[in-house]
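Protein chains in written order, with this note's numbering: chain A, -16 to 368; chain B, -16 to 368.
Just so you know, not all the hints are guaranteed correct.
[What the hints assert, rightly or not] Each computed EDC-like pair below joins lysine to aspartate or glutamate, with the alpha-carbon atoms no more than 16 Å apart: (1) 302(B) <-> 261(B); (2) 302(A) <-> 368(A); (3) 3(B) <-> 115(A); (4) 302(A) <-> 261(A); (5) 3(A) <-> 115(B); (6) 302(A) <-> 344(A).
[Stated by the list, open to error] Chain A is faced by these chain B residues, among others (derived, beta-carbon under 10 Å): (7) 50; (8) 114; (9) 359.
No lab work stands behind these hints: they were computed from the structure. Yeah, the Cβ is synthetic: ideal placement off N, Cα and C, and Gly gets one too.
There are 2 protein chains.
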Amino acid sequence: MRPVAVIGIGQTKVDEHWDKSLRDLAGDAMLAAMEDAGMPDIQAVYVGNMMSGSANHQQHLGAYIADWVGLRYAEAFRVEAACSSAAVSFRTAVMAVASGEVDSAIAVAAEKMSDSPTAEITAQLATAADSDWELDQGVSFVALNALLMRRYMFEYGWHHEDFANFSINAHANGAHNPYARFQEPISASTYLKAPMVCDPINLMDASPMGDGAAALIVVPLERAPIIPGRPVIRVLGSGAATDTLSLHNRPEGLWLTAAEKSAKQAYSIAGLTPSDIDLFEVHDAFTIMAALSLEACGFAERGQGVRLALDNQITPIGKVPIATRGGLKARGHPVGATGLYQLVEVVQQLRCEAGDTQVPDARIGMAQNIGGSGSNIVIHILGAE
Amino acid sequence: MRPVAVIGIGQTKVDEHWDKSLRDLAGDAMLAAMEDAGMPDIQAVYVGNMMSGSANHQQHLGAYIADWVGLRYAEAFRVEAACSSAAVSFRTAVMAVASGEVDSAIAVAAEKMSDSPTAEITAQLATAADSDWELDQGVSFVALNALLMRRYMFEYGWHHEDFANFSINAHANGAHNPYARFQEPISASTYLKAPMVCDPINLMDASPMGDGAAALIVVPLERAPIIPGRPVIRVLGSGAATDTLSLHNRPEGLWLTAAEKSAKQAYSIAGLTPSDIDLFEVHDAFTIMAALSLEACGFAERGQGVRLALDNQITPIGKVPIATRGGLKARGHPVGATGLYQLVEVVQQLRCEAGDTQVPDARIGMAQNIGGSGSNIVIHILGAE
Chain A
-16 MRPVAVIGIG QTKVDEHWDK SLRDLAGDAM LAAMEDAGMP DIQAVYVGNM MSGSANHQQH
44 LGAYIADWVG LRYAEAFRVE AACSSAAVSF RTAVMAVASG EVDSAIAVAA EKMSDSPTAE
104 ITAQLATAAD SDWELDQGVS FVALNALLMR RYMFEYGWHH EDFANFSINA HANGAHNPYA
164 RFQEPISAST YLKAPMVCDP INLMDASPMG DGAAALIVVP LERAPIIPGR PVIRVLGSGA
224 ATDTLSLHNR PEGLWLTAAE KSAKQAYSIA GLTPSDIDLF EVHDAFTIMA ALSLEACGFA
284 ERGQGVRLAL DNQITPIGKV PIATRGGLKA RGHPVGATGL YQLVEVVQQL RCEAGDTQVP
344 DARIGMAQNI GGSGSNIVIH ILGAE
Chain B
-16 MRPVAVIGIG QTKVDEHWDK SLRDLAGDAM LAAMEDAGMP DIQAVYVGNM MSGSANHQQH
44 LGAYIADWVG LRYAEAFRVE AACSSAAVSF RTAVMAVASG EVDSAIAVAA EKMSDSPTAE
104 ITAQLATAAD SDWELDQGVS FVALNALLMR RYMFEYGWHH EDFANFSINA HANGAHNPYA
164 RFQEPISAST YLKAPMVCDP INLMDASPMG DGAAALIVVP LERAPIIPGR PVIRVLGSGA
224 ATDTLSLHNR PEGLWLTAAE KSAKQAYSIA GLTPSDIDLF EVHDAFTIMA ALSLEACGFA
284 ERGQGVRLAL DNQITPIGKV PIATRGGLKA RGHPVGATGL YQLVEVVQQL RCEAGDTQVP
344 DARIGMAQNI GGSGSNIVIH ILGAE
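Given the sequences, and given the hints that come with them, work out the whole structure.
Printed below as a string of structure tokens:
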């Protein structure tokens, strides 16, 4: 397997983009990445997206997008794994370049959710859960996470306010990210008084949807240009694993086995352990998912993920910096695009381009993208060389 | 890039499967392939499907399907490129194994179209075309192909009846395939008198939709088991290319540039030319697509694809056997699953398991899967060793 490097990144602000189509958004992110890489011609385009078929009445996003940015005739197709679609597009690009089948690839992920009524989007998001066993019971996606959070609080004795710092840290960091949907810090009081969405998940436990696109360009490591003052960003490890689609089927509901397996796979390929990771862009779609992920990926003991937040260890200067650019909570969660925002942000950190939320001496960063209630998890570890 | 072999195939009959869900269909094909390969454990599952989000209210098919067949925790995600989704799943599997990232992968493709009203399915199929430039004009997918066929007849002087043998050959071959949706031969008179769908495309020019699933298992060539009496099936070449999503944007509307480019790419990797190909499972969604594909892939001169049919050169004993197990026309076209049926059929031919429609001395077979009106085309060449 030949080593792979990231040579370009691009993103659009996460927002309600009433004046832009899905094609515009994807194109903007791709053109930004192509300019960043100084590379106008690319062989393959792998598009991450969850719901364009229903939300935008457009499938076949590969051809839809490739020609738009001048890559007519390039290989191009879409990948989908619900909220983890974006990281899957990056993994596909890495495997394609590693295999030798292509010499340059762009992973681009885009989602445009604002065009559909929220009730419709909620129904479409629910297609990430199990239609046979979960949706037929009328449970929504946030309700599944609320069940997990309630159980976690019961099992390990935590209270709702113990989760506050996940949200506070994300918003504090998002305040410094011009691409974030929300750029205002929040206080503990804002968290505690936020309207309830689905008990115990309140508005500050949940990430906002939005429209957005992000892109990364990968090439074989030996073809990565040497640019003074900018490190070469290498893909050190990649891992992916699924779990049962429905929560009730899992022997341990509070353990994200797919997170554990995908992380171990990536650590093993990279020859690293959790203590080597300088920052971790975790999939904090809900505060409970951040806590469970920190545990399954080896950063905290079982039931103790919340402790890292309580002890202020998740800030950019903490032991395990997470959501350093706002995370899903403040940067926003345009579902099928989120995983590439995370990877773009890891690259920004490794290039020391993260401004006020720069993690000191960041050399190794990890990103974790979750689809469904932990039913597909993809991990990437990048390193600055 | 390490060489890759196909070691197992499975499929379900293309039909209206009122008693089976998408999960059942995909599972049946996968379990058949796993039994054929003698391999109960597989590392990765790549799922081809076009419209489950809208037609079946279920996305996230990777996790949905992997656990169902006992592959809990395997890597699994979906790929989509409209009608070419299935071949993309195979290409993804080949690249993943070639890269060394995984050592075994199953490409499975499934589509369940019968559950939705036909008018809804027609609208969903149209999402394979360009929503901005084509769908807004009210043109359906068959109408786009009718425009191509009308123009082709005008430019090259062919008449509608000249296309008859594409349909007659497909149905003659499908009559011997127990997995085909239609297993009755048709006469020239049936073709000529068929009801008009969208002038000049009549019912016998168009392929039927349906429910179905097919699967293939790939491993590194050196791990392919040696089974007496069965050749090792090697992936000799793979190619993929896109074109503009909308027809009006192409400089030459009657030339499938993506077919030419993907075929040349696959020929080049395989070190072969069209004359080396013993059979060609062509994407005959409409008779005009078969003619255009034969030309762009190098089997006929420009405007002369129809001549091969007229001269009876497309039968299993002809110069360029196509649709040897019924093709899209008679085996059926469960859109996102079709490309893997084609590859399963190529493997059947190379194993000499094609019964009454066996191509004599078949050693090298090619499959071509088209998404949209030629806007994504994926080619694979397999060889018996």
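Quick rundown of the hints versus the structure:
At roughly 8 Å between alpha-carbon atoms, residue 302(B) and residue 261(B) fall within 16 Å of each other, so this suggested pair holds. Restraint check for residue 302(A) and residue 368(A): not satisfied, since their Cα atoms lie roughly 22 Å apart, outside the 16 Å limit. As the CA atoms of residue 3(B) and residue 115(A) are separated by approximately 12 Å, the hinted pair is consistent with the 16 Å bound. Straight-line distance between C-alpha atoms of residue 302(A) and residue 261(A) comes to about 8 Å, which keeps the hinted pair within the 16 Å bound.
Proximity of residue 3(A) to residue 115(B) is assessed by CA-CA distance (about 12 Å); at most 16 Å being required, the pair is judged to hold. Restraint check: the Cα-Cα separation between residue 302(A) and residue 344(A) comes to about 13 Å, which is no more than 16 Å; the hinted pair holds. The beta carbon of residue 50(B) comes within 5 Å of a beta carbon in chain A, closer than 10 Å, and the hint placing it at the interface holds. Of the supplied interface hints, the one on residue 114(B) holds, with its beta-carbon coming within about 4 Å of a beta-carbon of chain A, less than 10 Å.
Interface hint at residue 359(B): satisfied, since its Cβ lies 5 Å from the closest Cβ of chain A, which is below the 10 Å cut-off.
The structure fails to meet hint 2 from the earlier list, while all remaining hints are met.
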